[in-house]
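Trainee: Protein chains in written order, with my numbering: chain B, 1 to 219; chain U, 1001 to 1235.
Honestly, the hints are just simulated from the structure, not real lab data.
Ideal Cβ placement from N, Cα and C applies to all residues, glycine included.
Hints should not be assumed to be uniformly reliable.
[What the hints assert, rightly or not] If you anchor each label on the Cβ, the simulated ranges turn out as follows:
#1 U:GLY1091 - B:GLY40: 52 to 58 Å
#2 B:PRO120 - U:MET1001: 52 to 58 Å
#3 B:THR160 - U:ASN1130: 18 to 24 Å
#4 B:VAL41 - U:ASP1007: 50 to 56 Å
#5 B:ASP199 - U:GLY1091: 43 to 49 Å
#6 B:THR148 - U:GLU1129: 23 to 29 Å
#7 B:VAL41 - U:GLU1132: 54 to 60 Å
#8 B:LYS151 - U:GLY1091: 33 to 39 Å
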Amino acid sequence: MRKHKREFIARRAAREIEDGFYVNLGLGIPALAAKFLPEGVNAVLVSESGVQGFGALPPNHQGDADLINAAKEPVALISGASLFSSVDAYAMIRGGHLDLCILGAFQVDERGNLANWMLPGKMVHGMGGAMDLACGAKRVVVAMEHTTPGKKPKILRNCTLPLTGLAVVHRIITEVAVIDVTLQGLVLREVAAEVSVEDVCRDSEAGLRVDKDLKIIQV
Amino acid sequence: MNKVSPDLQRALADIQDGATIMIGGFGLCGIPENLIQALCDKGVRNLTVISNNAGTEDFGIGLLLRNQQVKKMIASYVGENRTFEELVRNGKLQIELSPQGTLAERIRAGGAGIGGFYTPTGYGTIAAENKETRTWNGRHYVLEMPLRAQFALVKAWRGDALGNLVYRATARNFNPVMATAADVTIAEVEELVETGSLNSDHVDTPGIYVQRILQGSHYEKRLQTKRLRSEREEA
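With the sequences and hints as input, model every part of the structure.
Mentor: Dropping the structure here:
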């Protein structure tokens, strides 16, 4: 069930990727989106490990320990790939060269503030590249489950967890909704077929304005 | 000119207790395996280590942590290492976290003689606490300071006696920038080649940055994560 939910989110998130885009996909659900690129869309995956133009290893391929993605998994280069240092990787990220970054999140709020790196009571592991990606990409889309495993809202009036970035999120994609962050607050653009607007609003703490052109999520 | 060190011990001879050392690598990818092991054998303590990550419990910088040789780490992500967590919890290890791009840029600034720089990364977060901020054209920036070290331990694929280095794939990562930001840069390479045989157009780190070089051996090149997570989820 959870797997199905995550895959649905990843499929919808993949539709954010346009032909010719340079894209960074975060760990978890965002990384899954790479499998569901719409037909005819040629995008280049970029990783802060220092590679652009990579994909999954062919089956039964051991991998090369010198060639990994940001999750430290071995990957394969695709034709036309290039390799670069951490300084260059972050010049791309911080200099606004990425068309799109899809990230996971613990919380997002109505101003587009993002919390995705630190949970209270848990050992702090560090922000890695999350703060750079959240600040630097031209467009930041969050792909996450709509509520916590304990059914608490993750779309809030104000994030309560330590922030990754201030006013950085453009769009939120969950298993039930696609929501845009606008200057007037959050706007519900799409809902899942079997879900009502009331359900989505009940499971979100932040107020949602419903787009008058509200659509059903297509994956 | 010949910068080749006769052996690992002599390459690290002047590293003393309390030294500040940069160590290249992204996770376990592109780490100077031989130099880290030699630093463990040498047993110097109270080190400040600047590295993107902290290795795993039984490999990479994790070996130095397990030996309790490290007093402080400056890093961007230190998960995947229980020894690390224990040391921090018991107050035996200090940690300074820097966003990864800020860490890279701080090292670049250190190597390029830049006194500090303003970046939007981390504005409004814990990463900006107690730091000066400025606003230009409506965008907010955080002042970050350069990082330098007494020693940089880096790993390259090939190198020559003049210290020219060539890296391979994503094993490049922090190695080239760290080579620029230390008083003494010590490079280990998989292949020490004859001077003049590297294509000058393809040298990543020019020899000026490197003081000592030696050929490593017995590379394990451990993979931290075996397969793409997305494939495992599918399985």
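Trainee: Return the numbers of the hints above that this structure violates; sort them in rising order.
Mentor: Violated hint (a single one): 7; every other hint is consistent with the structure.
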